[in-house]
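J.: Please model the entire structure based on the sequences and the hints provided.
Those protein sequences? They're chains A and B, same order as listed.
If you're matching positions, the first sequence starts at 1 in this note's numbering and goes up one per residue.
If you're matching positions, the second sequence starts at 327 in this note's numbering and goes up one per residue.
Treat the hints as calculated values from the structure; they're not laboratory data.
This structure is a prediction, so every number in the text was calculated from the model and none was measured.
In this text, a Cβ means the ideal position worked out from N, Cα and C, and glycines have one as well.
You may find that some hints are simply not true.
Chain A is faced by these chain B residues, among others (derived, beta-carbon under 7 Å) [said to hold, decoys possible]: (1) Ile439; (2) Thr444; (3) Asp604; (4) Gln636; (5) Asp751; (6) Lys767.
Derived pair list, reagent style PhoX-like, types lysine-lysine, alpha-carbon separation capped at 25 Å [said to hold, decoys possible]: (7) Lys429(B) / Lys706(B); (8) Lys86(A) / Lys581(B); (9) Lys536(B) / Lys86(A); (10) Lys86(A) / Lys579(B); (11) Lys706(B) / Lys513(B); (12) Lys581(B) / Lys593(B).
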Amino acid sequence: MSGPIASGASAPSGPPTGGAVVQPRRGRKYSLLTRRDKTTLALMVGIPTFLCLFFIWFPTIVSVLLSFTNWRGISAITSENFVGIKNYVTLFTTYPFFWPAVAHNLLWLLFLSFIATPIGIFVAVLLDREMRGTRIYQSAFFIPVVLSLAVVGFIWQLMYTSQGFINSVLGTNGRDNTIDWLGNPSLNIWAVLVAASWRHVGYVMVLYLAGLKSVDPTLREAAAIDGANQRQTFIRVVFPVMRPINIVIIVITVIESLRAFDIAYIINRGKNGLELLSILIVNNSLSEASLIGFGTAIAVVLLVISLVPITIFLVRTSRSSAADQI
Amino acid sequence: MADPIETRPVSRRTVLKGVAGVAGLATIPAIIAACGPSGASTAPSAAGSAAASQPAASQPAASAAVGSVSVGSNHSDPGEAKGMEEINAAFTAETGIAVALNKVDHGTFQDQITTYLTGTPDSAYTWFSGFRMKFFADQGLNTAIDDVWAKVKGNYTEGFANSVVGNDGKVYGIPVDYYPWAVFYRKSLFTEKGYTVPKTWDELKALSTKMQADGLTPIAFGDKDGWPAMGTFDILNLRQNGYDFHVNLMAGKEKWTDPKVTTVFQKWAEIVPFHAKDYAGLTWQNAADTLVQKKSGMYLLGLFVSAQFQATNNPADLEDLDFFPFPTLGTQFDAENALDAPIDTWQISSKSPKLQDELDAAKAYMEFWSKGSTQVLMFKNQPGLIPTANDADTSTYSPLQKKAQEIVSKATKITQFLDRDTRSDFAGANGMQSFLQNFLKDPTQDLAAYQKTIQDFWDSLPPLT
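T.: Pasting the structure below:
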């Protein structure tokens with residue numbers, strides 16, 4: 001970068017010596033940039049800034065503003081539409097589906113973090129050992145990731161229906177003993193979590209496997225020479241080396257649980273035990289209900305919740321990159 | 327492939343930034359809700375220009391109605407889709423107007439109706455009558471068609487005529503079909519087991535107990551989609567508290583905390599044990615199949631249940647299907663013979679970008695739909711939709727359809743169905759649908775507290791206009 005800037009700066013300023021002497025004015029003194037450079041820089045900084053403002057900050061701020069209205073999405077917004085924090089009061093006090101939705105999102109996060117993600121890592125470590133047929137296993141575990149969640153939802157719906165595969169295997173497909181996996185409000189969230197994990201395991205596996213392949217084999221050799229066994233090698237040597245991948249996986253797990261939507265929506269549109277924040281937003285603001293103000297209030301709550309892991313992640317990465325530079 | 331990209335690194339970076347920005351957006355859920363304002367905030371101005379241009383548009387097009395008409399249809403089921411095709415072909419053959427059909431899945435159409443009507447709708451579209459039609463008419467989202475109605479009203483009875491009048495007294499739709507809700511059963515099953523049709527509440531419960539002993543699910547029920555349970559609430563409230571209370575409750579003039587509503591839920595709790603156990607995981611089609619397979623005895627649903635009997639491709643199944651009106655509860659309101667019989671209509675939107683050119687063609691389309699001969703074309707393909715026109719050829723009606731016509735004509739009061747009779751934001755998936763499922767989960771819960779959550783939700787909704 002420094003090459004073109006330096007040459008560009010010298011070209012229009014004429015005789016280099018004269019320029020420095022004749023121009024004692026403040027500010028100009030240290031300017032190494034020509035007008036063209038400035039234009040280029042302004043464009044390079046300006047366009048992304050504009051895109052960022054227009055596509056991220058504008059909708060976010062408008063959403064927050066809308067959450068203080070009772071706008072229904074039809075007529076223009078007038079001052080009468082502003083209802084203060086009424087939407088939030090309703091949400092936190094009387095709306096009976098909000099707290100279950102929050103609980104389900106948290107459950108989703110815990111289930112993926114402590115069950116699905118470790119299984120995915122475990123599978124990746126196993127597959128990394130160049131066992132026979134590893135590619136077949138990899139493909140098998142990865143197929144669910146390629147499928148859209150809508151398809152995953154459909155597949156699992158067939159598995160879970162009262163006359164479906166699971167009930168048939170368990171012998172619980174009769175009239176009185178049938179297990180209503182998707183209808184029973186205390187069971188269905190678990191059934192859906194299994195379906196979501198089925199996909200999440202494959203996702204984590206692929207990412208982790210890629211990371212494991214990139215670990216320097218000499219590290220393992222060194223550990224082996226020092227007398228470490230397989231488990232010790234993984235926990236003490238490989239896992240710490242994999243830190244960047246681990247962070248990516250944590251971030252993905254958090255994102256997956258916050259944006260949980262498709263499977264539950266496919267199954268019963270997020271009713272009856274499958275309430276999720278994202279579904280409440282859609283059902284209230286995008287569906288026929290068209291309660292845009294109320295829906296955005298839920299969206300803002302979800303945004304605030306999302307900010308927690310995002311902030312932690314950003315603080316940690318900026319800290320570690322600062323540490324790297326030292 | 328790679329060359330044009332490689333030679334322009336700056337633009338690539340900008341593009342990538344843009345892509346990253348969009349990707350970043352997708353992870354911020356607030357955008358979901360924020361999509362609305364940017365698109366919809368332009369709607370009011372568009373409304374003004376569309377409204378202004380309409381009167382002018384109808385004058386120059388006073389010549390013969392030729393050209394084309396864009397039509398938005400929610401007739402997505404195979405039979406109905408076929409009916410639409412036949413009708414559109416007949417319309418084009420008669421008038422020379424081409425039809426541009428926009429077929430949308432029934433549920434999707436309903437979900438997106440607000441966005442659709444405020445955006446760029448087709449000129450003619452399918453929609454409900456009653457409260458939901460009036461709601462959009464009040465917002466200025468559809469076009470009054472009194473002139474068409476004046477030509478065709480002789481073909482309709484008073485009940486249908488009332489169903490398409492808006493709050494401002496103008497006519498906004500053409501009723502084209504309806505389907506009554508009643509209790510369906512298989513005649514052969516009843517004969518085989520010696521059951522008789524229950525006339526009263528006690529007889530219904532006695533029959534259910536008997537069916538249970540015979541190893542049947544007495545009352546088929548599938549509420550995965552959330553709305554079927556509304557049918558049971560409607561009929562119980564109509565029988566228990568009467569039409570006036572029901573309609574006022576739907577309109578918010580009565581409170582959900584009213585003790586009268588409590589009695590409805592108490593009555594319902596008496597028959598919940600007779601419902602299919604796995605109702606919450608079943609669609610209405612799944613539940614109807616148990617009736618087809620003689621695994622269950624009775625099913626309270628709309629006449630469209632016959633689609634599942636037709637789907638077996640065994641005509642004997644459809645012939646075996648019969649229904650009876652919901653049993654009486656022993657109140658003064660039994661005599662109303664009230665029932666849900668939703669009416670479907672065709673309407674003309676007000677914001678269609680093509681409306682200026684298509685208004686006359688759309689009106690011709692409305693007029694065409696008001697004929698019995700047109701409605702019969704749909705009816706042939708979907709026997710669950712009974713034509714509304716007086717001149718519809720009833721000679722092809724099966725006994726079931728004749729009976730359906732009869733039960734509706736006997737009813738002194740007709741409602742449209744809970745989610746058509748009340749505001750859409752109240753009746754939605756995370757509204758009344760979920761509330762009713764909460765009740766079904768635990769019918770013996772503290773009803774006062776339960777009813778209060780419903781009323782609180784109603785009270786939290788924004789004013790309608």
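J.: Against this structure, judge whether each hint is valid.
T.: Structure-based check of all given hints:
{"no.": "1", "hint": "Ile439", "result": "6 Å, holds"}
{"no.": "2", "hint": "Thr444", "result": "6 Å, holds"}
{"no.": "3", "hint": "Asp604", "result": "4 Å, holds"}
{"no.": "4", "hint": "Gln636", "result": "22 Å, violated"}
{"no.": "5", "hint": "Asp751", "result": "4 Å, holds"}
{"no.": "6", "hint": "Lys767", "result": "6 Å, holds"}
{"no.": "7", "hint": "Lys429(B) / Lys706(B)", "result": "19 Å, holds"}
{"no.": "8", "hint": "Lys86(A) / Lys581(B)", "result": "21 Å, holds"}
{"no.": "9", "hint": "Lys536(B) / Lys86(A)", "result": "52 Å, violated"}
{"no.": "10", "hint": "Lys86(A) / Lys579(B)", "result": "22 Å, holds"}
{"no.": "11", "hint": "Lys706(B) / Lys513(B)", "result": "23 Å, holds"}
{"no.": "12", "hint": "Lys581(B) / Lys593(B)", "result": "19 Å, holds"}
The structure is inconsistent with the numbered hints 4, 9, although it conforms to all the rest.
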